[in-house]
Amino acid sequence: MSLKRRDFLKLSTAAACLGVTSTAHGMEDFKGWPDRYGMLTDTTLCIGANCRRCEEACKKTNKRSLEGLNLSDNSVFDHQRRTDPNSYTVVNRFANREDPENPIYVKKQCMHCNEPACASACLVRAFTKTPEGPVLYNKDVCIGCRYCMLACPFRMPTYDYFDAFSPEVRKCTMCHDRIIEGKIPACADVCPKEAITFGKRSDLILLAREKIRHDPDRYQQHIYGEEEVGGTSWLYLAGTDFTNIGFANNLGSTPYPEFTRGFLSAVPIVLTVWPVMLTGFWKFSKARERQEAGPETDTTVDDEKGWGDGYRHE
Amino acid sequence: MNRNLGNWCISVLLLLLITYMPCFGQSQDRSVPDATQPPCSDCHVCETPTKSNPCLEMCARTGAMPADLHKPSEGPGVRVIDELSDLYAPVDFNHKLHAEMVEMGEGCSVCHHYSPPGKFPPCNDCHTDESTEPQTLRKPGLKGAYHRQCMGCHREWSHDTKCIICHLPTNGYDLSGAPLDSTDILGISHPVITVPDKKVWTTPYQAGPVVTFHHQEHIDLFELRCVDCHKHENCSYCHDLRKEYSPRKTDEEIHAICNDCHAQDECGKCHGTKEKPAFVHAADGSWALNRFHAELSCRACHPTGKKISKLDHQCTNCHGGWNQKNFRHAVTGLQLDEIHAELECSDCHVDSAFDAPPDCSGCHDDGRSPKDAPPGHYVQAASK
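Chains as they are written, first to last, in this note's numbering: chain A, 1 to 314; chain B, 1 to 384.
Each hint should be verified, as a subset may be incorrect.
What the hints assert, rightly or not - Straight-line distance between alpha carbons at most 25 Å, and here's what the computed PhoX-like set of lysine-lysine pairs gives:
1) B:Lys276 with B:Lys198
2) B:Lys249 with B:Lys231
3) B:Lys162 with A:Lys59
4) B:Lys276 with A:Lys183
5) A:Lys63 with A:Lys139
6) A:Lys59 with B:Lys143
7) A:Lys183 with A:Lys200
8) B:Lys143 with B:Lys199
9) B:Lys162 with A:Lys60
10) B:Lys139 with A:Lys183
11) A:Lys31 with A:Lys129
12) B:Lys231 with B:Lys269
13) A:Lys60 with B:Lys143
14) B:Lys139 with A:Lys200
15) A:Lys200 with B:Lys96
16) B:Lys96 with B:Lys143
FYI, nobody ran anything at the bench for these hints, they're computed from the structure.
Here the structure is a predicted model, which means the values were calculated and not measured.
Could you build all of it, start to finish, from the sequences and the hints given here?
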């Protein structure tokens, strides 16, 4: 078999490329679970002050401590709060430039990404994007590396730093068990103004568009979470630019796992194809050298120059 | 021949024109919609709505709604909202009051955003408790519908979102202790109103044209609530920017308000030739209030009736329970010595006339007075 060096290179590169592209292609075919649920928060409806019923309902549902929760204490809005192991959701206040006397309140929690960065960063697959939509955490396999917390573009997962023996990563579960029971998530259930709507994500996007179309003065022409980081299950409508109410506008529409997918899918190829390929190159060049040397050169000369040399002298 | 042909052609053309003229007119008329009816697109989003698929607007809020053709006075008065009363006491929603308010603005359709012809459905006709389910997510549930309607305006208006504004607390659910008087303007929901200290009017009454009304004083002295005088005023009386619903009160109406309390008084009580001074207890009540009494509300001493009646000067009117044992004499500034402390009150204060100077002559016949021979020693009077 007379395979030229150039041809071999071409072939092997093509094979390698084929391997990579076919893997990536296989991922893109899956557009997410078709009937997955989502939540739509209409920040123009949230009243925030004296309410925070969602925070209370969330704590009760997730059996978190209600200690220190005083719903009529509006001083909590004086600074921006983040989710913590005891509060899977928090309502923050933002200044309203158009109407300073009526500030904007925004409820924040895990966004339940279509392609969650936390799941992709996890070494032990402790995070699962369920067919119902919520991204769930499995404490039984978690090793506590907290890569998920670093990976999350919204900085939502939190860690039981004060639990020395069985710390868990904690975040909103979108009330997965309530959804399975046929109920709606606790926060959406309790919200007096029904500022949080639960439904199929596809329906919610239509609803959000309808709302924008119907009241273009009230809403920004943007559904936050529709495209961000490849789409999230939790969607937001706002009456002001999303950057004014604490939403990053630089996250892009590429799912975060996509950034590492090329590299990660290449790892098996590098580990399996490359050794074979490089050995092949080596053998090929050896054979060629042998051919070029012609019949007058003895194989022993070749061996003396090569690494087999040592073998012979032993 | 040619001329005949020309004439014939012209007459045929004229005939055609006359025949088809009304048709042009008709076809033009058909394209103009009936001005008395709102355009279909106000409610229906598709070209041809059918009974099975009326394709109604999700939340029809624009255009002429049938509700605009009616007056708020035709609506119900107080309506009790108790569908969701598991957590809260029923809400007494004063429909009439709110209807009067919307008269200033966009009319009934502010709340009745969807009113099919001939019908003014209450919220719970369309919005049901079950509609929080995913299949009807385009329509808020009853809880959401109520709160969106109420809190949108209330928040904008009073910047307050306390539940207590509408909900009375039920047992076991703390709605944060807010003052409760849903019957007065300033009770629970209205922001503080700055009232004038006094108002001075010049009237056509010649014997006493100047009427001085000490507004703040009436509130303080008589503990009047806004609605005690501002009886038949609705929100638009103050808030109507177009001034269409705030007609001037007639003389009879104005006098009727004052006559609630001043029916027996003479005209000169209010009318005078010059501005009347404010009430001073020393002048009108004949004695200046001391440090203890000045802190009391008027009703503490004058508890009965709208009219404040004069009390006689007997301290025992109010302080009947004091005797030699339980009265700490030092609060008056005089600490009695041991001998005098043993005496009965009436031994010095003859006939329990405590406002009169004490009399020493019962025991001492040297004509002494407490000033030159005090029955103890003077101390600093208690401030409280």
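Hints, verified against the model:
1. B:Lys276 with B:Lys198: Roughly 10 Å separates the two Cα atoms, so the pair holds.
2. B:Lys249 with B:Lys231: Holds, at about 12 Å.
3. B:Lys162 with A:Lys59: Holds, at about 21 Å.
4. B:Lys276 with A:Lys183: Answer violated: Lys276 (chain B) to Lys183 (chain A) is near 70 Å, above 25 Å.
5. A:Lys63 with A:Lys139: Given that 25 Å is the threshold and the Cα spacing comes to 16 Å, the pair holds.
6. A:Lys59 with B:Lys143: OK: Lys59 (chain A) and Lys143 (chain B) at ~22 Å, within 25 Å.
7. A:Lys183 with A:Lys200: At roughly 13 Å apart (the allowed maximum being 25 Å), Lys200 (chain A) and Lys183 (chain A) satisfy the hint.
8. B:Lys143 with B:Lys199: Since the Cα atoms of Lys143 (chain B) and Lys199 (chain B) sit roughly 46 Å apart, the hinted pair is violated (cutoff 25 Å).
9. B:Lys162 with A:Lys60: Between Lys162 (chain B) and Lys60 (chain A) the Cα gap is close to 22 Å, so the pair holds against 25 Å.
10. B:Lys139 with A:Lys183: holds, 18 Å
11. A:Lys31 with A:Lys129: holds, 13 Å
12. B:Lys231 with B:Lys269: holds, 22 Å
13. A:Lys60 with B:Lys143: holds, 21 Å
14. B:Lys139 with A:Lys200: holds, 15 Å
15. A:Lys200 with B:Lys96: The given pair, whose Cα atoms are some 40 Å apart, is violated under the 25 Å limit.
16. B:Lys96 with B:Lys143: Distance of about 21 Å is within 25 Å: holds.
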